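Going by the numbering used here, the letters in the sequence shown line up with residues 1 to 250, in that order.
If you are wondering where the hints come from, they were derived from the structure by calculation, not from laboratory data. Being a predicted model, the structure only gives us computed values, none of them experimental. No false leads were mixed into what you were given.
Each pair of labels, with its calculated beta carbon distance range:
#1 Asn154 x Val14: 34 to 40 Å
#2 Gly130 x Lys4: 15 to 21 Å
#3 Lys4 x Glu84: 20 to 26 Å
#4 Val14 x Asn243: 14 to 20 Å
C-beta: ideal position from N, C-alpha, C; glycine also.
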Amino acid sequence: MTIKLYFLGTGGWVGPASRTYSSIALKVNENIYLLDVGESSFKNFQKTYLNPLNITAIFLTHAHGDHILGLPTYVINLGALGYERILKVIAPKWIGEAIHSLLDLITDLKVKVEVKLLEGYDGELAFNNGEVKVWSYGGKHIGNSLMYKLHVKNKLIIVYTGDTAPNEMLEKIVKDADVLIHEATFMWGFEKIAHSAGHSTIHDAIKLALKMNVKKLILTHIGFALKLPRSFKVGKTVVYVPNELDVISL
1 MTIKLYFLGT GGWVGPASRT YSSIALKVNE NIYLLDVGES SFKNFQKTYL
51 NPLNITAIFL THAHGDHILG LPTYVINLGA LGYERILKVI APKWIGEAIH
101 SLLDLITDLK VKVEVKLLEG YDGELAFNNG EVKVWSYGGK HIGNSLMYKL
151 HVKNKLIIVY TGDTAPNEML EKIVKDADVL IHEATFMWGF EKIAHSAGHS
201 TIHDAIKLAL KMNVKKLILT HIGFALKLPR SFKVGKTVVY VPNELDVISL
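When you get a sec, could you build the whole thing from the sequences and use the hints?
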């Protein structure tokens, strides 16, 4: 079984020019699952040479533009390419209106889009196709946001935080995860500012990974220009800081 993460966008809404807006493609065998689709992420998707016709589902965490504005571009391009599947879009219920407004911008919608709006914060089953099973949990962000926990073939556990400040729910779902994809909008030392804005720092992410015995920590949604090593180890946790279009095999 082949499992890879493709980093299509690794920056925050305000950040360095080298990092575009949030989007990650999880490839399991031939199927592709997208975690957020920030503006311009489809262009980076094209550069990976992944087959867009294999996109199975899109998971959105919240309605901020750096996570959602790429949705119409995906739908338009999939229609042009002859996408024949039902495109599943999974998102929190409070952004349903925003999703439909974006889809209404498409004058000739050629793709059937099935939007599933999630009601709960505390472990609602969001998706299950036998290959990937996903639960949603409430994060701590301005305007609210979801976090996702993915079980891949019941062998690999991936947690994607989206945008969030540290919170008890995150600690609960991260325990013994194989991979934690954690936002790092702010540098260490800026915890007060970060948390008040519903974000986290590098220190927050590393501290959580060590406390919860996470094997791999991947930092994304980076909002600063500091140059960090692409990978380093802290205790037993391997920390990755991917650039645009980096691929990590799991």
